[in-house]
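Here the structure of chain A is known, so what remains is to put chain B in place on it, guided by the hints.
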Amino acid sequence: MYLWVGQRGQWGPLKDQPGAMDPVAQCSMGFVHGTGAPVSFGGTPTRSGWWLCDQVGGTFAAIGAMAALYAREKFLGKGQFVECTGAEAVIRIIDYNWAWNGMDGSVRPRYGNWDLAINIYAVNPCADGQIMVGGGHDRLWFRIWRAAGKAKPFLEQHICEDPKLRVVTDRLPHYQQVETYTTLVEWMKDCTRFQCETALQEEEVASGGVSFLDEVCEFPHYKYRGHVRLLDDGEYGQVLLGGSSFIGSNTPGRIKWIGRPVGKDNEDIYRGLAGLNRQELASLKKGGVI
Amino acid sequence: MVDKALKDMTFEDFCRSVFNTKDTFHKPEVLKGIRAVSTTQYILGPSCAAYLAELGAETIKVELPKRGEPMRHTTPFNEPFLYPLSRWMPEKGTGLGFFGANPNELFLSLDFHKPEAIEIMKRLAAKTDVFAENYRAGTFDRWGIGYRQHVQINPRVIYQWMGGFGGWGPGRNRASYDILGQAQGGCFSITGWPKEYGGMPSKQTIWIMDYWGGAISAFNIIACLYWRDNVSNKGNFLEYSQVHGAQRHLTDAIALYGKTGIVAQRWGNWDPLLSVHGILKCGKSSYPNSKNPQEQEVGFCFVSAFKDEDFKKLCGVIGNAELAKKYPTHSDRVGSDAQVAIYPVLDKWAADKTKEEVWKAFTGAGLVSQPVWNSNEAAEQEHWHLRGSMQWLDDPTFGDVLTQGVAYRLSETPGRIKNVFKPVGADNEYVLAKLCGYGGSEIAALEKNEII
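So the sequences go chain by chain: A and B. Residue numbering for the first sequence follows the numbering used here, starting at 1 and increasing by one per position. Residue numbering for the second sequence follows the numbering used here, starting at 291 and increasing by one per position.
Be careful, since some hints might not be right.
As the list claims (entries may be wrong) - Only part of the chain B face toward chain A is listed, based on derived beta-carbon distances under 10 Å:
| hint | residue |
| --- | --- |
| 1 | W502 |
| 2 | L528 |
| 3 | H539 |
| 4 | P578 |
| 5 | N582 |
| 6 | S626 |
| 7 | V630 |
| 8 | G705 |
Rather than coming from a laboratory, the hints here were simulated on the basis of the structure. Yeah, the Cβ is synthetic: ideal placement off N, Cα and C, and Gly gets one too.
Here chain A stands alone, though its shape is the one from the complex (with noise of 0.2 Å):
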């Protein structure tokens, strides 16, 4: 299997320049664009603070990978050429923006912390930060509203009451989520996250505050499971990480190690696989080829 991973591609007319990193890959499909607030909230597009396409596009080649491992084996009996692009990984998973600019060319605009397609969905300010509040049905919205009202008996009253908000598909409109959202941060701004998520998890609401990375270090749920791990790192120490999200009851991912310095395996390698001497090995450094 021979694989190539890049940002646009390396064949096609956009084909990649040499240094394209993840950034070239986030604003050509679209994602920049849409990340954001809207112009009207103060907001411009926005790239994601991590590397989205890369780690996206790495996943999808590993896929690709693997499904032309499995064909090898199972039925095609040679290898194949493999080839994915961090801007590709994306488009496949940018929700259903291309099927509805087919439809009637809409450009879907950025919607900021909010979602264009579901209320309540979405994440607001609250005393100590952000927290994430979800439940667009029946079942979870009036559970919301009951949760702010134990604190704020008019806020519930006023959402309940409100005969524009009692169908689902009304409450979708701009000016309505602006309503909902108004009135909900109206009793979050006084609670912490913790708050938040403690009177919302009462009414098995998903609900969670933006946690910042030291929080997700630190949270207690995360170091039991181990995504976020100690590893004893041969070379570099103690090193804090994200754990294998391969969880399998017989085939668990592991992480050995984090990296190792260049030429580490050298002698390895090139004795094992390329059957070179020691002579030989020496020249080579000598020349700065290894």
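Frame of chain A, contents of chain B only:
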């Protein structure tokens, strides 16, 4: 031995020939003969099953009768767009939220709350290679159709559970959605502009933790199929937590915190590790006369010039030799003070230009640059259509639709999109007759009793 015709081709032509999308349907499918049952809803679980279906697995999507799964009713401004919802409800439609996560599948409707449905599930379980579900952890076990029961009748099954916080551990009972995975996983907090620039932690607009978690799960499933068929003849019980996926890839920020206690923060459209490597605001709209407010907006363009020689070229383009002299090396440029000083100079230069003009100027000087395209501009690129990552599909149910293709190219066994999805219960008769041994009158009775 490479034959001569192949050897004389340019690399571009070679790629165009081995990855030619016109040949896709003449090539074999990787997962032909593999069956997957997907009792999933929203995006995380369905997308996992969809990636298997793209590779040719016979994937049976099980959803509740009548309304189907909730994602069918999730759509911008609640416009259903794709009709019919089912043969029983031709006046209702499916929303766009369902798009992208359910291609190529067979659609079975089944109400799990009825005992007859459990019997059907058991018959399906006996004949499936992959079983994917994303109900609350332990629910299927309680209903008698979880991994423990599956493995008794089908020891080769690969059972994939997907969810928010995982099936065990102190926080296991918490419900989750994509955006919660983003918020609690940590990636939300590092996206967006800093407070000083009017920004706040920001969502990645797409349902990234769902779609991408599905991909991680699909990878694990194919790896387990490989292990089962070539090594062990055994199945596997797999679990994926979507917050875990976030943490796995934030590992550099986690390592930074572990070593130094520094908490990574937002840095807007710039890059904390490389400078210049950011997105500039171009003051002129590319479509000032468009009626679409999305298009009236000013443009943005990415440029990368973190190497010293590239930064010099960049300063040449904007006609500011001072800047090159002031920040000669990368360590001079990468600090936050330097970035805060450099980017406004670049933005100022771009203030009277469109993103295309900026792009042209940068690429003309040999710099890596890319305008920020909206979804319409991206959809118009011949590049994506030629490569098959985007395509107009003549869908058997819905007619012409613009859809995403498979994310990656395989020269010998490419994945493919056959249809974008089907109405609720579209394949009830086929699945129940083929796999469960029900006759026509039995199926009619199941339908009458609202079991399917």
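Would you settle whether the hint for N582 (chain B) is holds or violated, based on the nearest Cβ-Cβ distance to chain A being less than 10 Å? Holds, because the Cβ-Cβ distance from N582 (chain B) to chain A comes to roughly 6 Å (cut-off 10 Å).
Using the nearest Cβ pair, does L528 (chain B) come within less than 10 Å of chain A? This hint holds: L528 (chain B) lies near chain A, its Cβ roughly 5 Å from the closest one there, short of 10 Å.
Answer holds if the nearest beta-carbon of chain A is closer than 10 Å to that of P578 (chain B); otherwise answer violated. violated, 15 Å
Given V630 (chain B) was flagged as interface, is its beta-carbon under 10 Å from a beta-carbon of chain A? violated, 17 Å
Verify the interface restraint on S626 (chain B): the C-beta must sit less than 10 Å from at least one C-beta of chain A. violated, 15 Å
Please check whether H539 (chain B) passes as an interface residue: C-beta within 10 Å of a C-beta belonging to chain A. Cβ of H539 (chain B) sits 5 Å from chain A, so the hint holds.
Against chain A, with CB atoms and a cut of 10 Å, does the hint on G705 (chain B) hold up? Since chain A brings a Cβ to about 8 Å from G705 (chain B), closer than 10 Å, the hint holds.
Do the numbers back the hint for W502 (chain B), that is, is its least Cβ distance to chain A under 10 Å? Check passed: Cβ of W502 (chain B) comes within 5 Å of chain A, closer than 10 Å.
In summary, the numbered hints that this structure violates are 4, 6 and 7.
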